[in-house]
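J.: Here are the chains, one letter per residue:
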Amino acid sequence: MKSLEELRKIREEAIKNVEMRNPDKDVRVVVGMATCGISAGARPVLSAFVEEVAKRNLNNVQVVQTGCIGMCTYEPIVEVYTPNKDKVTYIHVDSEKAKRIVAEHLVNGNVVTEYTIGSEI
Amino acid sequence: MKIFRSHVLICGGTGCTSNKSMEVKGRFEQKLKEVKLDKEVQIVVTGCFGLCEEGPIVIVYPEGSFYSRMNVDKVDEIVEEHLLKGRIVEKYLFKEKAKVEHAEEHKSLMEVQFYSKQKRVALRNCGLINPEDINEYIARDGYMALGKVLTEMTPEGVIKLMKESNLRGRGGAGFPVGLKWSFAAPNKADQKYIICNADEGDPGAFMDRSVLEGDPHAVLEAMAIAGYAIGATKGFIYVRAEYPIAVRRLHIAIDQARELGLLGKNIFNSGFDFDIETRLGAGAFVCGEETALMQSIQGNRGMAKIKPPFPANQGLWKKPTVINNVETLANIPQIILKGPEWFKSFGSEKSPGTKIFALGGKIINTGLVEVPMGITLREVIYDIGGGCPDGKKFKAVQTGGPSGGCLTANHLDTPIDYENLAAVGSMMGSGGMIVMDEDNCMVDIARFFLDFIVDESCGKCTPCRVGTKRMYNILERITQGKGTLEDLDELESLANSIKNSSLCGLGQTAPNPVLATLRYFRDEYIAHVVDKKCPAKHCKALITYEIDKDKCAGCTLCARKCPVSCISGTVKNPHEIDQEKCIKCGNCYSVCRFGAVQKN
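Chains as they are written, first to last, in the working numbering: chain A, 1 to 121; chain B, 1 to 600.
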């Protein structure tokens with residue numbers, strides 16, 4: 001170890017792995033992972049969210065899975081909870097859509113309206 | 001680096017490991033492979049979570065779900081339900097046993113009352129990181145303090161900062177760390193040493209073991225910082241061989257730190273060299289005393305020496321040496337990074353910071369807690385510990401192990417710090433906290449601790465070698481109902497002589513458990529010597545078992561279980577115990593289903 005810089009670099013890489021265990025996060029991304037969600041392709045969606053969030057160091061975002069929400073026809077369903085804001089429900093999400101949701105919604109705060117449940121009904 | 005979507009943390013501390021947590025880990029690995037989740041879910045073995053009573057403990061992130069009393073059979077369901085389908089398995093979650101509101105709703109770790117009242121500084125990484133992976137420590141700001149010290153601070157600056165923080169030695173005596181360092185720093189020598197005292201010997205104490213098992217790098221980092229401050233280039237960790245997990249993790253940690261150049265030559269390109277070796281102790285209590293410890297490292301028999309010379313002037317191999325306890329060291333990197341003001345923002349004025357206690361004895365939540373100094377005994381025992389189990393009445397709490405004292409229910413509102421505990425006749429000690437209820441005989445407790453001391457006295461000085469044995473004999477006589485009132489005076493006089501004339505801390509504090517119990521529970525001693533009764537019904541020689549003829553149903557169970565066949569009687573007729581033959585084993589008492597056997 002030759003400098004603080006070198007240590008900081010290791011730290012930044014390492015933090016991505018440990019960050020998940022930090023309980024103080026205000027934004028929650030909930031992926032439906034019941035049988036219906038999984039068969040509709042929720043697994044890669046969940047992984048995409050986890051990877052994108054880590055890549056962009058979004059330390060205030062927690063990606064969790066949940067059971068069946070009851071609208072199996074719209075799976076994979078992803079819900080985003082932000083404090084003091086309405087819950088946003090995305091439907092028919094795939095990994096590409098997931099990346100866009102992270103970039104536009106989680107990073108910049110702009111809901112990707114065309115993927116939300118409201119756009120379909 | 002591979003990012004996992006979920007982490008399964010499994011406790012690999014000594015408590016949970018002995019409860020087969022590694023079998024649980026094995027099943028998790030196998031099952032995750034079966035359902036093809038092994039690339040998505042990471043299994044992490046951590047140090048102690050603290051709530052050993054509820055072990056083996058497993059925590060699943062990101063939810064922070066706290067599964068307690070895990071076993072191999074529960075694993076499949078958690079993998080299939082929680083990890084595969086996202087449904088937390090409520091029935092296996094930790095259930096609050098202490099009385100709290102909304103006990104049913106607790107789910108995640110930090111919502112559990114056992115943790116919510118704690119303030120974790122020295123234990124901040126225990127149960128959160130994998131102690132065998134230096135990267136996880138670095139992710140939690142590990143080695144940043146060492147980097148800061150070596151690149152931005154002078155040795156004098158480090159000592160000044162430690163003095164300002166007023167961190168006091170957590171091994172028991174409470175000596176200010178900054179002051180200790182400042183004694184060793186100006187001494188000129190070709191070699192100086194830093195020693196980490198990990199010879200934790202108090203019965204029932206496991207604070208240091210847990211820190212070493214859960215966060216070994218924090219101790220290594222702090223030793224290097226101490227080395228820089230006093231000009232030492234070599235460190236020894238004196239750890240007991242009975243802590244195999246701690247020793248193994250220390251060796252892994254030392255190797256990893258060397259590999260990254262965080263130990264070794266020219267650390268952070270500052271010209272500062274520092275390396276650490278471990279020395280295993282054979283488990284002699286006296287080797288926790290610093291002069292005896294150094295003798296042991298040098299390869300001699302562990303026996304105390306006269307001070308002065310103090311270690312700071314002439315320590316290991318007569319070179320200036322600083323000896324700090326594990327928990328003390330674990331605080332240091334945080335103090336360097338966050339500053340003395342932060343450290344002083346919790347705790348009491350004279351004793352800033354936190355203290356780890358190993359809660360044991362008659363308490364619901366047996367385990368490890370770290371609380372701010374100044375918190376009351378009541379908060380620790382009732383709010384965190386959950387009080388005595390089975391609705392029994394609290395009688396006393398023992399702090400400081402064989403060197404400490406007992407406090408009664410009247411002292412429950414005493415704030416915990418060095419001064420306040422000493423003022424009421426006990427001591428902070430290294431952190432063992434043993435709770436006793438109405439079934440504990442205080443005379444027998446005093447006898448137990450003296451028995452320990454008699455075994456552990458190194459024998460060098462007469463007061464300790466002979467005096468403690470004499471005290472033990474008297475206590476044994478009292479518990480056998482053969483004591484007299486004069487014995488109590490004799491005990492007190494012996495205690496004071498031993499206290500005043502012993503060579504080292506072991507002897508000087510050995511009479512404390514006796515003095516404290518004599519002070520607060522004299523009535524129990526008197527009951528033993530005058531009435532020949534043991535109020536707690538514990539001392540065998542002073543109790544009798546009798547069968548209540550009205551309650552006895554004549555089921556013959558007690559007669560069949562009696563190892564000396566001293567119970568007579570026929571089926572469906574009341575039985576009787578032959579007092580002459582009875583060995584008071586208590587078998588009849590515990591097997592009787594009708595409450596007919598009485599203990600008097």
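These aren't lab readings, by the way, just hints derived from the structure by calculation. Check each hint, because a few of them may be wrong.
[Unchecked claim] With a straight-line cut-off of 27 Å between C-alpha atoms, the simulated BS3-like cross-links for lysine-lysine are:
#1 LYS99/A x LYS2/B
#2 LYS540/B x LYS469/B
#3 LYS25/A x LYS85/B
#4 LYS265/B x LYS318/B
#5 LYS25/A x LYS338/B
#6 LYS97/A x LYS2/B
#7 LYS160/B x LYS393/B
#8 LYS318/B x LYS55/A
#9 LYS344/B x LYS119/B
#10 LYS99/A x LYS36/B
#11 LYS561/B x LYS572/B
#12 LYS97/A x LYS16/A
#13 LYS85/B x LYS16/A
#14 LYS85/A x LYS55/A
#15 LYS305/B x LYS16/A
#16 LYS9/A x LYS561/B
#17 LYS540/B x LYS2/A
#18 LYS36/B x LYS16/A
#19 LYS9/A x LYS85/B
#20 LYS39/B x LYS55/A
#21 LYS319/B x LYS117/B
#22 LYS119/B x LYS25/A
[To be verified] Distance ranges between label pairs, derived from CB positions:
#23 ARG248/B x ASP94/A: 41 to 49 Å
#24 LYS95/B x TYR81/A: 49 to 57 Å
#25 ASP455/B x ASN22/A: 43 to 51 Å
#26 GLY391/B x SER39/A: 49 to 57 Å
#27 ASN22/A x PRO563/B: 53 to 61 Å
#28 LEU179/B x GLU13/A: 51 to 59 Å
#29 VAL35/B x GLU104/A: 27 to 35 Å
#30 ASP94/A x PHE346/B: 42 to 50 Å
We put the CB at the ideal spot given by N, CA and C, even for glycine.
J.: If a hint holds in the structure, say so; if it doesn't, say that too.
T.: A quick look at each hint next to the structure:
Distance restraint check for LYS99/A and LYS2/B: the Cα-Cα separation of roughly 17 Å lies within the 27 Å cut-off, and the hinted pair is therefore satisfied. Straight-line distance between C-alpha atoms of LYS540/B and LYS469/B comes to about 22 Å, which keeps the hinted pair within the 27 Å bound. At most 27 Å may separate the alpha-carbon atoms for a hinted pair to count; LYS25/A and LYS85/B meet this at roughly 22 Å. Among the hinted pairs, LYS265/B with LYS318/B is consistent with the structure: their alpha-carbon atoms are about 24 Å apart, no more than 27 Å.
Proposed proximity of LYS25/A and LYS338/B is supported: the alpha carbons are some 22 Å apart, at most 27 Å. The hinted pair formed by LYS97/A and LYS2/B meets the criterion: a straight-line CA distance of about 21 Å does not exceed 27 Å. Between LYS160/B and LYS393/B, the direct Cα distance comes to roughly 48 Å. Violation of the 27 Å bound is thereby established for this hinted pair. The straight-line distance between the Cα atoms of LYS318/B and LYS55/A is roughly 54 Å, outside the 27 Å bound, and the hint therefore fails.
For the given pair, LYS344/B sits about 13 Å from LYS119/B by alpha-carbon distance, which is consistent with the 27 Å threshold. At roughly 24 Å between alpha-carbon atoms, LYS99/A and LYS36/B fall within 27 Å of each other, so this suggested pair holds. A threshold of 27 Å between alpha carbons decides the hint, and for LYS561/B with LYS572/B the separation of about 17 Å falls inside it, so the pair holds. Using a Cα cut-off of 27 Å, the hinted pair LYS97/A and LYS16/A holds, with the two alpha carbons roughly 22 Å apart.
With a C-alpha separation of about 24 Å, the suggested pair LYS85/B and LYS16/A falls inside the 27 Å cut-off, and the hint holds. Simply put, LYS85/A and LYS55/A have alpha-carbon atoms about 25 Å apart, close enough for the 27 Å limit, and the pair holds. Under the criterion of a C-alpha separation no larger than 27 Å, the hint pairing LYS305/B with LYS16/A is inconsistent with the structure, at around 51 Å. Distance check on the hinted pair: LYS9/A and LYS561/B sit about 68 Å apart at the alpha-carbon level, beyond 27 Å; violated.
As the CA atoms of LYS540/B and LYS2/A are separated by approximately 66 Å, the hinted pair breaks the 27 Å bound. A C-alpha spacing of about 23 Å is found between LYS36/B and LYS16/A, which places the hinted pair at or below 27 Å, so the restraint holds. The straight-line distance between the Cα atoms of LYS9/A and LYS85/B is roughly 36 Å, outside the 27 Å bound, and the hint therefore fails. This hinted pair checks out: LYS39/B and LYS55/A have alpha carbons roughly 18 Å apart, not beyond 27 Å.
Restraint check: the Cα-Cα separation between LYS319/B and LYS117/B comes to about 43 Å, which exceeds 27 Å; the hinted pair is violated. Between LYS119/B and LYS25/A, the direct Cα distance comes to roughly 20 Å. Compliance with the 27 Å bound is thereby established for this hinted pair. As the Cβ distance of ARG248/B to ASP94/A is approximately 46 Å, the hint placing it in 41 to 49 Å holds. About 27 Å separates the C-beta atoms of LYS95/B and TYR81/A, a value inconsistent with the hinted range of 49 to 57 Å.
One distance hint, 43 to 51 Å for the beta-carbon pair ASP455/B and ASN22/A, holds here, with the actual separation near 46 Å. Our hint of 49 to 57 Å for GLY391/B and SER39/A holds, since their Cβ atoms are close to 52 Å apart. The hinted range of 53 to 61 Å is satisfied by ASN22/A and PRO563/B, whose Cβ atoms lie roughly 57 Å apart. Our hint of 51 to 59 Å for LEU179/B and GLU13/A is violated, since their Cβ atoms are close to 40 Å apart.
Judged by the Cβ atoms, the range 27 to 35 Å given for VAL35/B and GLU104/A holds: they are separated by roughly 33 Å. For ASP94/A and PHE346/B, the hinted distance range of 42 to 50 Å is satisfied, since their beta carbons lie about 49 Å from each other.
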